[in-house]
Amino acid sequence: MSENNPTQLEALLKTHKLTRGEYEKIQQLLGRDPNLTELGIFSVMWSEHCSYKSSKVHLKKLPTHSERVLQGPGENAGIIDIGDGYAIAFKIESHNHPSFIEPFQGAATGVGGILRDIFTMGARPIAVMDAIRFGPLDSEKNGARNRRILDGVVQGISHYGNCFGVPTVGGETVFESCYDGNPLVNVFAMGVFKHDEIFYGQATGVGNPVIYVGARTGRDGIHGASMASDVFTEASQQQRPTVQVGDPFMEKLLLEACIEAMKTGAIVGIQDMGAAGLTCSTSEMGSRAGTGIDFDLKHVPQRETGMTPYEIMLSESQERMLLVAEKGREQEIFDVFNKWGLESAVIGTVTDDGMLRVRDHGVVVAEIKNRDLADEAPLYNRPYTKPYRDVPMDGPSFTSSSVEADLLKLLASNDLCSKKWIWEQYDYMVRTNTLAGPGGDAAIVRIKETGTSIAMSLDGNGRYCYLDPREGAKLIVAECCRNLSTVGALPVSATNNLNFGNPERPEIMAQLVEGIEGLAEACKFFETPITGGNVSLYNETLGESIFPTPVVGIVGLLPTVAPIPMAFPKAGLDLVLLGGLGDSDLTHFGGTQYAKQVLGALWGLPPKLDMPLEKRVQEATREIVRANLTEAAHDLSDGGLAVALAEGTFAGVGADVDIKTDLRREFALFHEGPSRVLFATSNVAQISAIAERHQVPVVVLGKTTAGTLKIALNGTEVVHVGVDKLYHTWDRALEESLHV
Amino acid sequence: MKLGVVVFPGSNCDHDAYYAVTCNLGQQADFVWHDSENLNGFDAIILPGGFSYGDHLRCGAIARFSPVMRAVKKFADAGGLVAGFCNGFQILTEAHILPGALIRNKGLRYICKTVALETVSINSPFTNALKPGAVLQIPIAHGEGCYTADEATLDQLAAEDRIVFRYKENPNGSMRDIAGILSAGRNVMGMMPHPERVSDPLMPGTDGLGVFQSMLNSLAAISR
Numbered sequence: 014m015s016e017n018n019p020t021q022l023e024a025l026l027k028t029h030k031l032t033r034g035e036y037e038k039i040q041q042l043l044g045r046d047p048n049l050t051e052l053g054i055f056s057v058m059w060s061e062h063c064s065y066k067s068s069k070v071h072l073k074k075l076p077t078h079s080e081r082v083l084q085g086p087g088e089n090a091g092i093i094d095i096g097d098g099y100a101i102a103f104k105i106e107s108h109n110h111p112s113f114i115e116p117f118q119g120a121a122t123g124v125g126g127i128l129r130d131i132f133t134m135g136a137r138p139i140a141v142m143d144a145i146r147f148g149p150l151d152s153e154k155n156g157a158r159n160r161r162i163l164d165g166v167v168q169g170i171s172h173y174g175n176c177f178g179v180p181t182v183g184g185e186t187v188f189e190s191c192y193d194g195n196p197l198v199n200v201f202a203m204g205v206f207k208h209d210e211i212f213y214g215q216a217t218g219v220g221n222p223v224i225y226v227g228a229r230t231g232r233d234g235i236h237g238a239s240m241a242s243d244v245f246t247e248a249s250q251q252q253r254p255t256v257q258v259g260d261p262f263m264e265k266l267l268l269e270a271c272i273e274a275m276k277t278g279a280i281v282g283i284q285d286m287g288a289a290g291l292t293c294s295t296s297e298m299g300s301r302a303g304t305g306i307d308f309d310l311k312h313v314p315q316r317e318t319g320m321t322p323y324e325i326m327l328s329e330s331q332e333r334m335l336l337v338a339e340k341g342r343e344q345e346i347f348d349v350f351n352k353w354g355l356e357s358a359v360i361g362t363v364t365d366d367g368m369l370r371v372r373d374h375g376v377v378v379a380e381i382k383n384r385d386l387a388d389e390a391p392l393y394n395r396p397y398t399k400p401y402r403d404v405p406m407d408g409p410s411f412t413s414s415s416v417e418a419d420l421l422k423l424l425a426s427n428d429l430c431s432k433k434w435i436w437e438q439y440d441y442m443v444r445t446n447t448l449a450g451p452g453g454d455a456a457i458v459r460i461k462e463t464g465t466s467i468a469m470s471l472d473g474n475g476r477y478c479y480l481d482p483r484e485g486a487k488l489i490v491a492e493c494c495r496n497l498s499t500v501g502a503l504p505v506s507a508t509n510n511l512n513f514g515n516p517e518r519p520e521i522m523a524q525l526v527e528g529i530e531g532l533a534e535a536c537k538f539f540e541t542p543i544t545g546g547n548v549s550l551y552n553e554t555l556g557e558s559i560f561p562t563p564v565v566g567i568v569g570l571l572p573t574v575a576p577i578p579m580a581f582p583k584a585g586l587d588l589v590l591l592g593g594l595g596d597s598d599l600t601h602f603g604g605t606q607y608a609k610q611v612l613g614a615l616w617g618l619p620p621k622l623d624m625p626l627e628k629r630v631q632e633a634t635r636e637i638v639r640a641n642l643t644e645a646a647h648d649l650s651d652g653g654l655a656v657a658l659a660e661g662t663f664a665g666v667g668a669d670v671d672i673k674t675d676l677r678r679e680f681a682l683f684h685e686g687p688s689r690v691l692f693a694t695s696n697v698a699q700i701s702a703i704a705e706r707h708q709v710p711v712v713v714l715g716k717t718t719a720g721t722l723k724i725a726l727n728g729t730e731v732v733h734v735g736v737d738k739l740y741h742t743w744d745r746a747l748e749e750s751l752h753v
Numbered sequence: 030m031k032l033g034v035v036v037f038p039g040s041n042c043d044h045d046a047y048y049a050v051t052c053n054l055g056q057q058a059d060f061v062w063h064d065s066e067n068l069n070g071f072d073a074i075i076l077p078g079g080f081s082y083g084d085h086l087r088c089g090a091i092a093r094f095s096p097v098m099r100a101v102k103k104f105a106d107a108g109g110l111v112a113g114f115c116n117g118f119q120i121l122t123e124a125h126i127l128p129g130a131l132i133r134n135k136g137l138r139y140i141c142k143t144v145a146l147e148t149v150s151i152n153s154p155f156t157n158a159l160k161p162g163a164v165l166q167i168p169i170a171h172g173e174g175c176y177t178a179d180e181a182t183l184d185q186l187a188a189e190d191r192i193v194f195r196y197k198e199n200p201n202g203s204m205r206d207i208a209g210i211l212s213a214g215r216n217v218m219g220m221m222p223h224p225e226r227v228s229d230p231l232m233p234g235t236d237g238l239g240v241f242q243s244m245l246n247s248l249a250a251i252s253r
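Top line first, the protein sequences correspond to chains A and B. Numbers in our numbering are just positions in the first sequence, counted from 1, shifted up by 13. Numbers in our numbering are just positions in the second sequence, counted from 1, shifted up by 29.
Just chain B, with the same shape it has in the complex (with noise of 0.2 Å):
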């Protein structure tokens, strides 16, 4: 499998990113500039955490106009699987490649730290290595992850099975507890915790690696 990680000038968890596909997985990976629009060659692309073009206004509200994600809706459209984390997620919803919004965290100020997340759907090429309710520990990192939308998509998300983890106790107002979910297609996935930060057996544990090994054993399947 060959991933591409974007690199957006802002992008700060493209290197961990990164390091988790290739020497915690030992898949190839290769870095994406933010102003190409050439995705040939990569099964998948990773859209990292950071802060895209500084971020300055909204969160991924400029990085949207970029050309390398022109390429990625692109990808997408064409079936590629996608997966944004913090940033990454951001900039999906942004580029209206997934529902909703990522507003200020309740409480205004950035938080980092671990928490629990519940598996809602293994029912995706991101969490079917995953047990159904298996409780990971990932890690958060973000000043605006508390996911927002309007009721008919929050019950559209549920109602046919998108929302893919929740937070056990809910860090940011995340409405219905949702810190990641997918596309209509189910192959775009944006989650706001950060599995590439608990991928090494030096790291707070390595319940992120599950999310990278669905991805796998996805595109195996695909290539059978």
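This is chain A alone, in the form it adopts within the complex (with noise of 0.2 Å):
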């Protein structure tokens, strides 16, 4: 690389998508012109997606510390101590651009991904969780392409992640125009592990063996991570190459022979070859211990011959990982691999030098200092403006004809129906832990070991956060805790993913900003710190961004109990609602699911959250739940309390309720104020109390009955329909969609 030929050095940083003052700075660390396999190098572990470069100023604004956090950011995944000696290790992460690129694939190694970097830690998955967002079914433009986009990510989870053996208790999705040339899956993982057997991403121990095992390098995915980091254009499509290839099976195999090898006591450090593949491994291991990696090509397994060091060193081929093992026991190594069926290879060794030294036969080919490559890439702190938005603050002028058609509209949405016909695919049991599986509030993975079980739950609001990315962040904090204050779960820490637009237009920064300073209060306030995550930016097709979409995923913990269903299960049961009615305005209608589905509109500003009230009513719920004072217990979230007692009455028991309110009916049925939780009980008095004694206001609507939902505002009836109705209409709707 040299400066004789700038048109074409401005093409090379340009294939590379580095900067020319990326490329100045390093010149200037390694005090001399990169070649083109350290160019290579250089460019995936600066890229957006391994560098954080657009987001870690603001990231830092995060809280990352509890009593309970064993490990923050920054390590492969977030740990925390659930007590009995057990840990958990869990985080989300983001497989967007290969699942717009090719679907099944895509999802499926977002599944692998994050599943090695649990078992990298040594902990064995126990869970997992996606949250998918697709552009709408029924588009006359996008529709057939988004039904098959929806139909591979489904298929790729299912998959990779039954073969694998990892329940796939939960999540969301979710349907919304601008997700139409960019969906997004993020996949969440968790598992479970003794505190004595936490391993860690170091490459300690001068004179160590670095050790590769697993499946062999090809050229697949080469430039994944810098593809991750760029918009959509209309080549995007030329790009499946790019595109990894998974094998759950040897993702099996890898994790019993990395768990088995764990248990030797040979091993001082592993790490997972995910994004940016064996450069990323070497370098970030390196750079945590303060060691460098001295190694040769010619060790590495290859799949296809003839591949150069640049192809080598980039490329993204699955089911792999490095690990340095105590000097004079890499046999005992070998021995479980081969138990397993699977190669491993000593590549090279650990050095005092700091630097990551890569030889092709001896010959060195790229020579870099580990720091620079995991720490030194640019920070930038982008400009940033107010939050873009294109919706007019002031609603719309409406009057319903029937609310009672405008619930069973709601409820056969694609975005509030039954997702039965996704999650059915998804081996939701296996391991036989799953306490509360997908379709409720929260899922609950019991840990047989302990005690202890394990809740968990995946939220976002693309529309909320449109509206105001601040309030929207906090709200879905507030959401995700409810949902596991209300199956009795103490939420205890959260893992983030923040889907947005491009971090260079200053209205998009500012969704960012405001995105992160918003998580960062709220999980603050109900006291979860962040304990790792993933950013996904340069969400955009053809100029168009994405919602501002940050997703997060909350864990909490509870006794291990049978769960409290979130329908009536007889008829004769008071309906309680903590927190009261609520209040609303047309202004903060607008984010609502009535007036996406009903008002094909979006205005205003999201639903006001009093975080104060929110964690009074949460603790109350926690409380009642857990003393066992109700039969039913169901947050109220997208569609309000219309929708929740609609779907109380899944288990074909009816309510007859009267609401007694000031506000116009619209608002009263289908506001989504938060903070409110939704209970079916015999214990109105208790439940009273405990609400009075936590300064939470709680109302009484009426009773659970046989067979049919009756809803009436001040002693008028407006809705009078049979459960079976409601049942059907929200059970098929997303088949019909998908015409399957």
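Since the hints were made in silico from the structure, they are not lab data. Mixed in with the good hints, there may be bad ones.
[Unchecked claim] Stretch-level coverage of chain B by chain A, calculated; a stretch enters the list once three of its residues show a Cβ under 8 Å from a Cβ in chain A:
no.	segment
1	72–82
2	138–147
[To be verified] Per label pair, the in silico range of CB-to-CB distance:
no.	chain 1	residue 1	chain 2	residue 2	range
3	A	462	B	99	33 to 41 Å
4	A	151	B	202	28 to 36 Å
5	B	90	A	462	31 to 39 Å
6	B	99	A	582	45 to 53 Å
7	B	234	A	79	35 to 43 Å
A virtual CB, placed ideally from N, CA and C, is assigned to each residue, including glycine.
Fit the two chains together into the complex; they arrive one by one in their own frames, and the hints show the way.
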């Protein structure tokens, strides 16, 4: 690489998505010009995907500590203490761009990647959740493509998770035009282990062997990390070779072999090869330990002949791991991997000079300080203005002719309808720990070794965040924590996936900044520090950005007991709304599902959140649920009170309620004000006492009945519909939209 | 009773079967690695669910050639009890220890859900603790569970009372709604549903316990 041919250099930088300024920094760090292999190595390590160069300045605002946090951001996954000497590792990661280019493999390898992040720390994965977002299935222009992407993504997740043997226990599926050319696939995984079984991605111990294990390296996925840091154009469909191909069986073998090898005590550090493959694992492991790694590519198991150093270093072939063992104990590692039929090879050694030294048959082909790659990436404090929005503050005037018809329309919408068609393709029961699977407020997985269970939920809301990124982010944290509290769990820690558009646009950067600040404020308030996550930027197609879509995954702890259902189990119970009826006006109604599904509009602001009230509601909810004072519990969210009541009837039991309110009927039934939980109970007095102690309003709405949902407003009946009709409207809608 | 739970590299319901036998039924169990040919000391063998050797070809097509399957065949030929759940059933048909084949589900999709099963025969070591006609709620979780055989085989299975379970609502296209069958000697059973998933009071139901309890009854009767 030299200055002799400026046009050629410009072209190379463009291919590698490096700026002129970044190139100059590379020259300065090296004290010379990089060769092509080195340029490739820098380009992936300094990509947005690996370096977080646009977001790092703001990510520092997130809370990351609590008494339970054993490992915060910066490792392969966060770790928290769950008591009894056990811990869980968990994280969320996106595979948005690959899933658009090749939905099946894109989603499958998204699952594979996050699972490796978990078991590389020593934890056995015990649960997966997915937050997936697509363009509308009925869109005239793109409906067929959106249906095909959804189908591919679901089958990819199903293929990988089922074969690997981890239950897919929950998630969310959302449809919005902004995801038309840019679906979001965010995968969360969690694993469990003992405190003394934790491993880190560190290359410690000068002279220790560096060992490559797992699948062979091929030419797939070269430049995946830099692709994931680019906007989509018409040419993106031509990038299929940069999407990796996954083999879940290989991953299962890798899991079992790694966990067994860890038990030998011969491993000192281990890291998976995910984005940026061999480059990332070597330089990060070296950088964390302050050591160097000297290795020869001729020892790297290869699937294809004639691969160049550039290709081997940048390959993102799946199901590979790098580990550092204690010198002299290599054979113990080989024996385990042989048992599982996997390849393992010593490719180099840990050195004391801090350099990543890559050789090809002895000849040095790249020589860069590990720190320069892992920690010296340029950081950008990108300019930001006011968050982008292109909708009015004032809403349209409207009057519903039938709120019953509106309710049915909401239940039949793809956002609110049953997602059973999706989750029945996932094995959500394997390992027999799933106490509450998909379809509830939160999933619950028990830890067999202790008396503790883990509740978890994934939440995002692009519409709220588009209207106000800061308030929207706070609302999703509140909602996620409320989901956990509704099943009786104490929220303890969070992971986040920040899906945003192009940070080089100041009004998009402003969405990112405000979104992060909102998350930071709420996570501090709800005492759920963020232990890791992922940032996915450049989610933009043909100049159109997605809604700012932070997705949070929060985990909570509860004692292992049979869970309380969401639906009303029998007639004759009192229906109690903790948190009261809430409030709304036209401005704060503009982000609701009613506005979207019934009015086809978006305006105003997201619902108002009173965080102290929310916290008190959640404390009271946990107390009620844990004291077994309720026979059903369901939090209010999308679609508001009417949808929550309808969902309560899906076990076949009806309800008869009369709502005393000053609100206009559309607001009373469908506003999405937070801090509300619905109970079906025979213990109204005790629940009221708990509510009073927590200074939380409580309203008795009516009773559960047989067979019919009747809702009256101030004595006037506005909904009267059989529960079978409600159920069938909701149950079959997705299949009908997919034409299956 | 001591059960052997066979572990192929891609087995993923091995721990669930082990847990059901040891923790829920209080019996002894041990894992048997796929390259072992030694089944000494086991009273019965379970072939658990999963993806044996990845099942890239047909489910169980490679597993039938494994060393442990040679031992399982001998064990079965000598009258030992062998139960295959899900992938275990697929392997038993590939190994020709049970007749027929399990092909892609009608609809070509993986299905995970709890289904209603009708107990067709209680004349077996795997169903003797059940009531005739009892309807059990047991989950399925498979992509290739459509039971298929020629008419003569199906007739023979029916005539010899070797169909143990039928689906009440056929989820996968299985011929004659077959969910589980017996070998001619009645000592080998394959079923696609997962009884080990509903053997714990915290799971949704305990209808799977009957299958394990039946095996215990039979073994107790033999040892008497």
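Outcome of the hint check:
Only residues whose beta carbon comes within less than 8 Å of a beta carbon in chain A count, and the segment 72–82 of chain B has 4; three or more means the coverage holds. Counting residues of the segment 138–147 of chain B whose CB falls under 8 Å from any CB of chain A gives 5; the rule of at least 3 is met. For the pair residue 462 of chain A and residue 99 of chain B, the beta carbons lie near 35 Å from each other, so the given range of 33 to 41 Å is met. Between residue 151 of chain A and residue 202 of chain B the Cβ separation comes to about 29 Å, which falls inside the hinted range of 28 to 36 Å.
The given range of 31 to 39 Å is respected by residue 90 of chain B and residue 462 of chain A, whose C-beta atoms sit roughly 36 Å from each other. In this structure, residue 99 of chain B and residue 582 of chain A meet the distance hint of 45 to 53 Å, their C-beta atoms being roughly 51 Å apart. At about 38 Å, the beta-carbon gap between residue 234 of chain B and residue 79 of chain A stays in the expected band of 35 to 43 Å.
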